[in-house]
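Please assemble the complex out of the two chains, which come individually in their own frames, going by the hints.
These protein sequences, in sequence, are chains A and B. Each residue of the first sequence is one higher than the last, beginning at 1 in this note's numbering. Each residue of the second sequence is one higher than the last, beginning at 750 in this note's numbering.
These are computed hints drawn from the structure, not numbers from a lab. Misleading hints may appear alongside valid ones.
[Claimed, not checked] With the Cβ distance kept under 8 Å, some of the chain A side facing chain B (calculated, not the full set):
| no. | residue |
| --- | --- |
| 1 | G88 |
| 2 | K179 |
| 3 | F183 |
| 4 | V187 |
| 5 | F191 |
| 6 | V585 |
| 7 | Y590 |
[Stated by the list, open to error] Heads up, simulated DSS-like pairs for lysine-lysine below, C-alpha to C-alpha not over 30 Å straight-line:
| no. | chain 1 | residue 1 | chain 2 | residue 2 |
| --- | --- | --- | --- | --- |
| 8 | B | K990 | A | K171 |
| 9 | B | K1057 | A | K603 |
| 10 | B | K1014 | A | K142 |
| 11 | B | K1057 | A | K8 |
| 12 | B | K990 | A | K179 |
| 13 | A | K179 | B | K1057 |
| 14 | B | K1049 | A | K179 |
| 15 | B | K1049 | A | K171 |
| 16 | B | K990 | A | K17 |
| 17 | B | K888 | A | K16 |
| 18 | B | K1049 | A | K570 |
[Unchecked claim] Some, not all, of what chain B presents toward chain A, calculated at C-beta under 8 Å:
| no. | residue |
| --- | --- |
| 19 | W820 |
| 20 | S867 |
| 21 | N934 |
| 22 | P942 |
| 23 | A943 |
| 24 | L946 |
| 25 | G947 |
| 26 | W976 |
| 27 | F979 |
Glycine included, every Cβ here is placed at the ideal spot set by N, Cα and C.
So the chains spell out like this:
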Amino acid sequence: MGTFAKIKALQVNKQKKFRILLAVEILLLVIGVLGLLGKNAEYQYYPDDTGVTFSDIFLSRGTYRVQMYYTTDTNMKNTMEVTASDMGQESLRINTVSLFAGWDHTDEEMWLLRDTEQLSVHANYGEEGNLQIHSLVIKQTKAMNRIYLFCLFCLFIAVNGIWIYREYDKKYHISMESKTVTFLLGVTFVFSSLPLMLDYVWFGGDLTYHLFRIEGIRDGILNGQFPIRISPEWQQGYGYASPVFYGETLLYIAALFRLIGFSVITSYRLFLVVVTVMTLWIAYFCYKRIFQNPYIGVLCGALQTLAVHRTHKLYGYSALGEGIGMIFLPLLVYGFYKVFTEDANDKNYGRSWLPLTAGFAMVVQSHLLTGELAGLFTIFLCVVLWKRVFRLKTFIVLAKAAIYSVLLSAWFLVPFVDYMLTGDFTIHHVSGRLIQDRGGFVAHALYTFYENGTGIWFNETGMKDSSPAGIGIGLLVGLGLFGYLLVAEKMKGLSKEMKALGIISAAFGVVSLIMSLGAFPWDKIHSLSQLAATLVSSLQFPNRLITITNICLITTVGVVAKYLWAAENKNRLFAFMAGMVCCMVLSNVYLLEDGVERKNGVKIYNAQGMGTGYISGAEYLPYGADATLFMPHVPVSDNGVMVEGYEKKSLGAEAYVTNMGETEGTVSFAILYYKGYHAYDVYSGEELNCYAGENFEVTVDIPAGFGGLVEIRFESPWYWRAGEMVTLVSLLSVMVSAGLKKRKREEGV
Amino acid sequence: MRAYLKKNQVHIYLLLVIAGLVSLPVISDGKAVVINLATAIIAYGCLGRIFGNRELGLLGSMLYTWCPYRWSDGNPAWVFVPIVLWGIVSFYGENQVEKDRKRSWLILTAGLGLLAFSSVTLFCIIVVSVLLFFCLMGKESFCKEKVLSLVKTLGVSLVIGGYPLVSRLLQLRDPAIAGSLIPDNFRMSGAYPAQYLGLFSTAEEGAKYPELGMGAAVLFLVLLYLWGLFTGKIKDSFGKKILLWILVLLWMGSNLFPWDLLQNKNLLFSIVLAVLQSPITWVIPAYGALVWVACRVLQKLRDSGDEKLYKTMVAVTVLVAFVMNRLG
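The following block holds chain B by itself, in its conformation from the complex (with noise of 0.2 Å):
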């Protein structure tokens, strides 16, 4: 272990300015600075083991820990969102670690079981999501071994959360307690689509919306990875699944979704919107995937050779994200 810590030092030493960065405004709240500093270490973990790189690793716990979004949220499950990442991309063998794609229902199935101690909404939405991204995978997905895989992992992981996620349905039957929790309009409660865009934190306490920004250096190296698909220098069809995915998670986050055909319908859709609580929470798992993007395009750009250009994209993302932060 002491070893372990020698060797990569430097590498704690940042996860700290990341978590501490990001703490700053919130230094005296001892439960916000630990969710900070676990969300950098678990997401550098997750992130790491994905790329098979520390230092994408690295570089993706900056990205997902100074997302304006997890700032203004303030939800600790955001904490656990990484590992169902690194679950996913084990599943469909996209990641760098061998061992990890043996055991990806494992992985899946631990962040799903620490989410659903952490956030019964949250468990609920990423469940779906990943249920929704298996299908996306079409042919890959539709295999007995995968759709085993799949079965093992809800299975496993609703036996882990079922205690809270069943004291919570339980709950909700109750139209009082069901309809407290829902907002007057649901549908308008989602965002709007001009606020994922946001590079700034303009929204300050007052404001007409949250902050839903997912961090201008993401949206700069998504817009880069979208260049290059478009243009052909990037050849990934594993990360076109992903943005469809994103987009299809956007959308259900966003005020264009009809979520209106299911309020004020029955007890069983109230209680769906109940465990929502609001649109905005299916953003979470997609600006997970969208760190995930940001850090693909990177890894394409080292894989590629020039190292020079590689070097100066990571410099450029490391000084954007610092500088924005810092803005906000």
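With the rest of the complex left out, here is chain A (with noise of 0.2 Å):
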């Protein structure tokens, strides 16, 4: 019997304890719901005699949209900010906002954990221009309530998860082993979150780019866009094509958050929780698969939750694209075990595709960089294997499994493929820059107590406040145990695949090692021709390669303490385990620490408070813009072109647009030109000619004598509309297959 049915068996429905508990919960959840209706409040008010203050406003704790009217002109230099004089930032949640020549009010959230007698909101001139508050407008929103809500609900669901727990534990009696590894993972997990027990994160290079990433995807989603294309309100509404170059596909868990009502921290944090139980997860459930014992799948799993790679990316560098990327690359591992060691006239050897596309369509989707290096080593691992992948059967299911994972990643890879082949963006253009210097010292790779150093140019700074670029101590130490064990010829009582899983994982792990040092000859790769200084380029970093070490190394202690498993000597595996749990708390229980105690860490709260531009490299700006020009403005026109009403809008604008002059003439809207977007006459519907115009602002040529309301608006090619279709469809087909084949396994039973 499977695990829902034996639930289902349990009957904790018919329980009256159970039913007095769901009936509870059912009125609080409906409570909830009505809380979500009704009307919003609105106060507005003026400025005291200071002609800049509003003070001593009196609100109850909710979350609210503070929008205070003003004029000014000039750009970022007047500044909005809320205060309440009897609460600390812990209650009253709202940043300092920047005010825009080309805007007319703020619109900030806030949230207001208590209430408040003595709220000010201030406009602090900047000392240049003009600046006159006009008046201001808090409305009330609902996002408190259904913070409420879903908290209530997250609350049920672990509650309830508890009881039925409980009863299947008095019924069926769960196995000393199976509570012993949810205990572990659970361990694990807790350790592995400390930065998250926080209630700021640490500041990290990237870390304001994904939070506009995040912030994109709410937005847009908000704005009736899916999937999100372009981030509408980044660069100050000019928008950003990041999401068609930079895979979103998990990241909108953490927009979901957004959208429930979390400020841009909390989302950010709790989309951290998500992302280190994935980790934790996948790397346990593949590494319990592989080597067939959940010990070791617990002890690999919090060695690649735990990695101290993982900790500088996630963590300490906000590197989020790589640190989601991470999660599925132990899929890679156990699929190609699978597909490698399985034997090949199985029945079942038709499925192993199945984790090897799930994991490239993944890392795809999360992270092309640590996609292009998984794609490097699995070059490698078939160059080592071709024997193996030229038989037929395994040939098919490689086939399968890539043809699956570029069918399932179609909706990113299309929009992706097409502006990388017909645009010409920055990232064209990055092939220029030499990655060897920014290359690790071996030191970095031997060293065991990790600190939260910021450098990361080593040639300059050496390993003075370096940056943790390493593996840990665990990992070396369970390299260091496989190679004596090959040495010594003491692993007769391994399989051949699992020797063979060790003795490759080792050696992969070893290069990519090798290969994330300054010592690897990246400038000359880099010079052998335009393909390989692109590549080579667009690494960046040549540490990005120690994600590969963990990964490769995790298998190779994995494999020492099958071995040790399967050798029966129980000393010798308490030594091991005990061992490596010392090392994981020298090496990386001590980075979390230290980060804990020494990172310095940021509180934004609403979109405002990350800026309005941050671009990181502007990798995705096209060619030759200029992101400093790009600030809110009305339609510039020539030629006697009048805009009146103009209105901008998410991904596009409206205006009406009359040209009275006998030539032709133009209008630039404050938008960042990219392919998709159109200009439309509203009323005949005819489409008129837009393009990228001054500094790639959305231009519109306007006919002579026209008048009329045009419409700016981004279009998907209905060639990425087919993409999506091909990724649903594919999405479909392998549910349904894998639904019915396991169907008729079970009825096989």
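Structure follows, in structure tokens:
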């Protein structure tokens, strides 16, 4: 009987106490839903004698939008600040916002966790230009009610889950092994989440960029865009096509938290909890299957989740893309292990492509560079195991995995390839970047007590205040032990496949570790060809290779554990496991604790708190565009073209345009042009010529004598939509086929 | 006396080692050395009585004396917390020495009285903690005998500690004095939960947060205890209540507890906050109880009859405590 069937057989719904619990839960949920109904309050204020401050505002706790109406002729010089003298930042969550000449009011989210009678909204004059404050509108929102409802829902799921777990344990007696594994996974999760137990996040170089990505999904969804291709509010509302180039599949979860109503930083932290749980669970699942042992699964899961490199990237550097990419790498190890070691004549062999497909599809949709690295080492693996690759059934499985990975990623890959082939973006021009001097020292690889240094230019600063660009002592010990067992020929108890897994993973681990060092001739490879230069440059930092080192050496450690388990020498096994825990504590937990104690944090509550335009290396800007000139403005026209009733929209605009002149004129909008923008005469439906004008602003040609409502909007090309359909159909077919096969298996049993 | 000293000389030497090791960085500070020695001796005596085993007392003394938060806190009142713990455990008959159960109120009173003269803040916190534990014990607490004992204990303790307590409260009637003792943001001066799980003493001078770890060895044993409870290997209803108590105290010591509801409200609340000074102090009784939990695990192991495993765990505990103490 399957687990679900067993739970069904418990018939907890017939227990009186459980029914009462359910009734209470439903009642509370109904009350929560009722809280979503009703009208939101709206308050209007006028400035006091100072002309810039609204003081002693009484507000009850809740969530609000703060809109201060103003006129200014400068950009980002003046700011609006909200304070309350009767509470601290933990109860009043709002950031300071910059004012722009092209906008007439602010629109900030505010979370007020307690009632206040002393709220003040203050405009700070930046000592330049004019600033006039007109009024203040504070609008209540339902975000707080949604948050409560969501928290209640989660709480009830947890309570019911614990109830069912206990009942299940009473009836079926969950094994000691299973309970221990659950406990150990829980402990690993708690320790790997130390940075998430703070009310801020560590500041990393890429933090704001990823927060903008999340905010972009939220903004896009709220404005009816799906899937998100251009983040509409990024760069002062000009928009940024990061989603086309940088897969965001998993980020939709983070955006969901924002849509519920959580603040930016809380949504990010909640998302990191999801990322950590997924990293741990997928690694545990894959390694448990590979080594047929849940304890080895836990060990490898802990090594992956607590990895020094993961801590550094995900928490320290806020490299969210890499952190997400790491989640799925164990699926690749498991997938390749299945494909290359299972009996090709087994009737289940045909299903071996599933983990590989899931792994590749998700890596590509999360972080292309991790996908590139995984692809590179896949090529190495296929070269090493070429005989197996060209075994017909294996080849079919591999081809199936490759094809399905592409099909499942088509919704992302089609627009990506389209822009890469037909567009000219900054990313096309980065091949000149040399990376060798950014590589680590051998000392990085052999270090034990990693600290959260900020240095990444090792050729300049050496090891002083170095970022933790290494793997931790645990993996080194594991590698050393494996080497000893191999040289001393002590692994006779292991199967041939397991031994090969150990050798290949150790070799790949060492190779990738060497490639992460400054000693590796990256500059030489860069100079080989244009393609090599592009690929090497796109890597940016050789230490990205440590992602591969990690996963390979974790596999090696798993092989050592498997050997010790098979040898049935309890003392050695216990010593090994205890040693690994000690090593993890010394390198990995130490790094986490060091960060908790020392790393500077940021508290960004709303979209305005992250500024308006950080785009990291500006890779996805049209080549030549100057982002510093992106400031909101009314449409700019020439040749006697008149613009009235301008309204800026998400990924578009609308304005009544007339051209009284005898020659064609143009109108430029404060929108960054990307392929997909179109302009229409709303009344006739006729399309107007729309293109990238000065500094790549969306510009529309207005024919002589034209008068009408012009609408600018972004439309995905038909083949992008086709790509989305391909993904949807592929996903459905995989799911239906897997479901049917599962049912068939169960019926067969 | 001489016979006692001779019989227990190994333990005495070890206590000196425990106090000595933790005193090394402050060896020139005579007062600190004496406090460390007193802490080690009193914790040894109290935990030894609780578990009816001097070996466990010695181990508990080591874990308590080497607690990273105790070093960084430097509050001499830590010395007397184990007496209160001994009193509480005896109060509910969970100790091993019969005669301690009968005079539990005396032990508790002695502990509270000594605390009152060393730290009014800790005295108040421990009194509230004791009341909290009394409530958490539910039915077992609310019988005539127990209620009378508690009233007697608190009454006598307040009489003993009356002078320092009343003089402090009178002093705090002045809003300026009270205000000067309250941090600007009282709630946020509490601990982040992550700080409780600190294994290393990474908080050096100038660090953003104070050292708040309970010690790696204690954490290791507490995790073992939790594992035992989760898998059903350990059945311990009193221990579960203690854990719940610890959890509540850790919550009150953290910045998750809504202390801000009391800030800037009225003089009474200001006096309460001024007496507490920082939420973190609630962690002290919790850490005392965690050391009890750590010893409880070892006691359960010893009682299970697996001598080898028990000795291994004792060795691992000492090793971990020693290494982490030195690393700190």
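Status of each hint after checking the structure:
no.: 1; hint: G88; result: 4 Å, holds
no.: 2; hint: K179; result: 4 Å, holds
no.: 3; hint: F183; result: 5 Å, holds
no.: 4; hint: V187; result: 6 Å, holds
no.: 5; hint: F191; result: 7 Å, holds
no.: 6; hint: V585; result: 6 Å, holds
no.: 7; hint: Y590; result: 6 Å, holds
no.: 8; hint: B/K990 with A/K171; result: 26 Å, holds
no.: 9; hint: B/K1057 with A/K603; result: 51 Å, violated
no.: 10; hint: B/K1014 with A/K142; result: 29 Å, holds
no.: 11; hint: B/K1057 with A/K8; result: 44 Å, violated
no.: 12; hint: B/K990 with A/K179; result: 22 Å, holds
no.: 13; hint: A/K179 with B/K1057; result: 24 Å, holds
no.: 14; hint: B/K1049 with A/K179; result: 20 Å, holds
no.: 15; hint: B/K1049 with A/K171; result: 27 Å, holds
no.: 16; hint: B/K990 with A/K17; result: 23 Å, holds
no.: 17; hint: B/K888 with A/K16; result: 25 Å, holds
no.: 18; hint: B/K1049 with A/K570; result: 23 Å, holds
no.: 19; hint: W820; result: 15 Å, violated
no.: 20; hint: S867; result: 29 Å, violated
no.: 21; hint: N934; result: 4 Å, holds
no.: 22; hint: P942; result: 4 Å, holds
no.: 23; hint: A943; result: 4 Å, holds
no.: 24; hint: L946; result: 6 Å, holds
no.: 25; hint: G947; result: 6 Å, holds
no.: 26; hint: W976; result: 5 Å, holds
no.: 27; hint: F979; result: 5 Å, holds
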